[in-house]
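Q: Dock chain to chain to rebuild the complex, using the hints, since each chain is given by itself in its own frame.
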Amino acid sequence: MTYTFGLDTFGDRNGDADGKPLSHAQTIRNVVEEGVLAEQAGLDFFGIGEHHTEYFPMPAGDVVLAAIAARTERIHLGSAVTVLSSDDPVRVYQRYATLNAISSGRAEVILGRGSSVESFPLFGYDLADYEELFEEKATLFAELVRGGPVTWAGKTRAPLLHQDVVPHTESGPFPVWIGVGGNPQSVIRAARLGFSLALAIIGGPPARFAAYSELFQRALEKFGRPPLPVLVHSPGHVAPTDEQAKAEFWPRWRDIITLIAPERGFAIPTEESFDAETGPDGALYVGSPETVAQKIAANLRVLGASRFDLKYGMPGLTHEQLITNIELYGGRVIPRVRELLG
Amino acid sequence: MNEPARLAVLGAGHVGPVIARLAVKAGYPVAIATSGDPENLALITELMIPGAQPRWARDAVAGADIVVLAIPLHRFGQIDPRLLDGKLVVDAMNYWPATEGVLEAFSRGGSSEIVARRLAGSVVVKALNHIGYHELEARARPAGDPDRPAAGVAGDDPAAVAMIAGLADRIGYDPVRLESLRAGRALEPGGPVFGAVLPLGVFERAVRQDARSLA
Chain A
9 MTYTFGLDTF GDRNGDADGK PLSHAQTIRN VVEEGVLAEQ AGLDFFGIGE
59 HHTEYFPMPA GDVVLAAIAA RTERIHLGSA VTVLSSDDPV RVYQRYATLN
109 AISSGRAEVI LGRGSSVESF PLFGYDLADY EELFEEKATL FAELVRGGPV
159 TWAGKTRAPL LHQDVVPHTE SGPFPVWIGV GGNPQSVIRA ARLGFSLALA
209 IIGGPPARFA AYSELFQRAL EKFGRPPLPV LVHSPGHVAP TDEQAKAEFW
259 PRWRDIITLI APERGFAIPT EESFDAETGP DGALYVGSPE TVAQKIAANL
309 RVLGASRFDL KYGMPGLTHE QLITNIELYG GRVIPRVREL LG
Chain B
2 MNEPARLAVL GAGHVGPVIA RLAVKAGYPV AIATSGDPEN LALITELMIP
52 GAQPRWARDA VAGADIVVLA IPLHRFGQID PRLLDGKLVV DAMNYWPATE
102 GVLEAFSRGG SSEIVARRLA GSVVVKALNH IGYHELEARA RPAGDPDRPA
152 AGVAGDDPAA VAMIAGLADR IGYDPVRLES LRAGRALEPG GPVFGAVLPL
202 GVFERAVRQD ARSLA
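Going down the list, the sequences are from chains A and B. Positions in the first sequence are counted from 1; adding 8 to them yields our numbering. Positions in the second sequence are counted from 1; adding 1 to them yields our numbering.
Next up, chain B with everything else stripped away, as it sits in the complex (with noise of 0.2 Å):
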């Protein structure tokens, strides 16, 4: 990969900013985008993700090669499919009843999986979900430090699981690959990882160990 690769990361929240700004930092173009008009981003962008570029939705997703979901998992139901068809879809939302309350889409199976099987023309990566977002930025930690923290990368096409490892190392942590979305239920709330900032062997033992992996 010669030029890096374009993200797009929908959401200005408690996440999408942190996701944005890290980005930045490893040298992606960005782009961030929420519901509505731009404008209601300039200030956001300007003082605390200098270097994204605020859009509306849909031209981030069109001039993005990744596109970063971070929004609320109850908002997901009003993105439109087709927005997102072609692309490469990171899945960094969470089903976590207890503080969002219960949705009856997701009480069933992983949510990415439920996640991608809405997303028919996209090919979908679940990652960077289970650091909490006030410690995604502060454990961030270059290759080879000790203190490195690992993250969990899954998804069903090993091509794009690749790319999305490139970038959680690229943004600070050591990419753990798992082999299917149906493993990244490892990743989800009351998961092994969840909430927990593990280094690459503890990480790795912790979700190969996870009945919820295991098919």
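Bound-form chain A, shown alone (with noise of 0.2 Å):
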């Protein structure tokens, strides 16, 4: 199996030395700067999720990723992920496409609702239609995808009658994941659609999604596609030693996840919940280059997946954190990686 590995962020608001925080705008410059640095340190793709909070200030995604695409040559950009159910395929479509050309071909996108629900206020879609509207878009997105004149009716935007969606793509369709969290019936849908899989593990031992890529490459014989990739996204973060990693990552992971808990109907973290989620059994992959290698080489071979994408960062870590995860993360946690997955 060829092995891919990418980096995601959500524009996690970063913190200067002595934990205030820095402004939007130079958070959004500095995540320019980590794509940039990601193809620099050999990562093959590089994703950005969307979301609208105060302290993930990242809407607008794929503006970032045209800027990251004008200063590297190589790395893959996409979404991570892409709320499609509160934003319209064919815009969704055409600022890909558009990151397409800009990038010359290496543009991806993962749809999902990812972990933020905040856009549906926002933009006045009812959070009780989400299936509806997922389902739908989805569907039509896949149309768009294939590329042609495409017709199309439904009840969640206006019908499309052999229309030509600009601007075409010059090689054919780029790829597209769907980010599943633990409904079997997305990844049903996902095969379906012939869109390929995106495993978001964020607690729990990941070993229990293994029953989801077996469910996903049954359901694409199902339906008479081929076989398709399987991608990890699991948040972590690297530094020299497993001590600094944790005391770093600990005390930023524990603040935003007890801000969140109450809508999302997580327990508060503790430090016991934190070592069980950092040790061999639980999501996160935070420590040195051997603890986080070693782990994501296990649960690729556990997982039958071939990508692995590490959601780095959290709000309050400085850029300066970043940069060091992000440079082992490319210089010796991959290397270590393909070592151990000969």
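Calculated from the structure, these hints are not laboratory results. One thing to keep in mind: the hints can contain errors.
Result set (DMTMM-like, lysine to aspartate or glutamate): computed pairs, CA atoms no more than 20 Å apart in a straight line [claimed, not checked]: (1) A:230 x B:47; (2) A:28 x A:47; (3) B:88 x B:4; (4) A:28 x A:289; (5) B:88 x B:158; (6) A:163 x A:144; (7) B:26 x B:4; (8) A:230 x B:158; (9) A:230 x B:40.
Since the model is a prediction, treat every value here as computed from it, not as a measurement.
A: If you want it as structure tokens, here you go:
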């Protein structure tokens, strides 16, 4: 199997050395630098997840990706994720087809709900309609990405009749993934639409997702489609030692999970739960390059996945800490994972 | 109870398959259904809930002693109450506006009390709603395990509560019985045990002291 490795960010608002938050604008400029550095560090993918909050000020990731595209040559650039339900599939296609043009064919899209629901009230959508919105819009998006005139009718946007949607891509459809967090019917949908599978594993034992990966490949067979890749997206932080990585990450993770716990139904983190999540059976990749490499290699094997995307950063971490993370991930973790996977 | 009760799980999203899998492991005969054709559940059942039977909803319910509602609450209105007449219904749903949106019908009072009023021909017990789907299976432990967590079981019918307490016990949780659906408000989003995985003593203290459960 050919393995590839990525980095994802939600535009986590940076802190300075004293813990004071940097401006949204400076955080966004730092993300551009981090994306450029990701290519220099040897990464295959850099993804930006759509969010609309004070601590994740990243509603227009495609604009930021375009800036990174202009300064890079090789790295693939994509959303992680695009909240398709509260967007217009035609617009999403157009923005990423434009990114694909700017980057000479390096655009990707991961569709999903992600961890955020704040875009629904912001754009006037009802969360209760989530399922219908996603199903219809993902189906239309599959048509758009295939290329050629589109004829479509549904309840969630205006119909299209032999509509030529521009810009056209130069070399066929760009890669599209569906992000799944634990609903098996979403896995079936990805297979039905012919999209690849992105497993978002943000808590608990990663091995329980092995069944989703198998379900995906079996469903592809059932729909008469060829095998498609599976990627794993999980949060983490790499520093020179386990102790340093945990000391930097823990207070930031604790604060953000505590903040969003009431609306997400998460338990309030404790040092105990943090130790469990950063241990071999947990979902967080926090530690030295060796610790993180061992965990990535083990889980790629168990999950039958060929790409690992580390969601780096947390609100309050400094740009300098993120740079160290990116350099260690590219320079030490990935070569070690490749060695472990043979 | 010599023969284990037969379970029907309605819903195959995040929560339904986890409850179904735990129940199969605990020795219950389990059927699972969505609003659609069981053929669409065949692969999911085979790979993720081996031992469970995918069925049409009406067939799953007809053959069950206990029906677990594990659908999004905004879909509850689409269920015909007559389908569930005479059944013991476990309400594992939540009214959780932050993730599912505002539902006018559930904006006042406990969600399970509102569910029970609509399911007038059923006995409703509130349970399995307050532990996250991503933790429900990983945290389950056999009786006597020092790390075994507690699970709340609330209802107005003591015999039904006892039966679902037995289910919670067999799938890996120390049941904490609450004497009414009203008292079960302590298990809802925003309450002291929602999303938290707590041992028996801590759990009991938290729900007993919670103002939501006081009549």
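Q: Work down the list of hints and note, for each, if the structure agrees.
A: Verification of the hints:
{"no.": "1", "hint": "A:230 x B:47", "result": "holds (13 Å)"}
{"no.": "2", "hint": "A:28 x A:47", "result": "violated (29 Å)"}
{"no.": "3", "hint": "B:88 x B:4", "result": "holds (17 Å)"}
{"no.": "4", "hint": "A:28 x A:289", "result": "violated (33 Å)"}
{"no.": "5", "hint": "B:88 x B:158", "result": "holds (13 Å)"}
{"no.": "6", "hint": "A:163 x A:144", "result": "holds (8 Å)"}
{"no.": "7", "hint": "B:26 x B:4", "result": "holds (15 Å)"}
{"no.": "8", "hint": "A:230 x B:158", "result": "violated (46 Å)"}
{"no.": "9", "hint": "A:230 x B:40", "result": "holds (12 Å)"}
In this structure, the earlier hints numbered 2, 4 and 8 are contradicted, and the remaining ones agree with it.
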